[in-house]
Amino acid sequence: GQGEVDYFAVPYVDKFGKKAAFYVDFIIQMKNGDVWLLDTKKGQTAEGAKERAEGLAKYIKGQKRKDKIFGGIVIDVDSRWRYNDNATYEYNRNELKNWKFLDLK
1 GQGEVDYFAV PYVDKFGKKA AFYVDFIIQM KNGDVWLLDT KKGQTAEGAK ERAEGLAKYI
61 KGQKRKDKIF GGIVIDVDSR WRYNDNATYE YNRNELKNWK FLDLK
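In our numbering, the protein residues as written are 1 to 105.
Source of the hints: derived by calculation from the structure; they are not laboratory data. Heads up, some of the hints might be wrong.
[What the hints assert, rightly or not] Computed list of lysine-lysine pairs in DSBU-like fashion (alpha-carbon distance at most 30 angstroms, straight line):
no., residue 1, residue 2
1, Lys19, Lys61
2, Lys105, Lys61
3, Lys58, Lys18
4, Lys50, Lys100
5, Lys105, Lys41
6, Lys58, Lys100
7, Lys31, Lys105
8, Lys41, Lys31
9, Lys68, Lys41
10, Lys42, Lys15
11, Lys15, Lys41
12, Lys15, Lys97
13, Lys61, Lys31
14, Lys41, Lys97
15, Lys64, Lys18
16, Lys61, Lys18
[Stated by the list, open to error] FRET-style restraints, in silico, Cβ to Cβ:
no., residue 1, residue 2, range
17, Gly62, Asp14, 15 to 23 angstroms
18, Asn92, Gln29, 27 to 35 angstroms
19, Ser79, Lys19, 30 to 38 angstroms
20, Asp14, Lys42, 19 to 27 angstroms
21, Pro11, Ser79, 31 to 39 angstroms
22, Asp14, Lys61, 16 to 24 angstroms
23, Ala21, Asn94, 30 to 38 angstroms
Glycine is no exception: its CB is placed at the ideal position from the N, C-alpha and C atoms.
Please construct the entire structure, taking both the sequences and the accompanying hints into account.
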């Protein structure tokens, strides 16, 4: 769900400086207790994800949990998933050196 206080959302500041809520697409808990917060993007939505991506990275870094929390913006590149969890988000489809391969095994 979206838009209600009943659902998990990551706080961020939008491009206009307004506080907003970001509803990630997937919350995954692994058998070892690790939690992944992932949001899929493609093309223009990946280009426009800067504020949300940076808000998500800040949220993850600020968590003080026993279990590890990971995540970021996720894109499909040639049938392989890559994610960006950097504090400063950059997307250039021709230059993905700062994007990690996602392997949830």
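For each hint given before, does the structure comply? Return the numbers of the non-compliant ones in rising order. none
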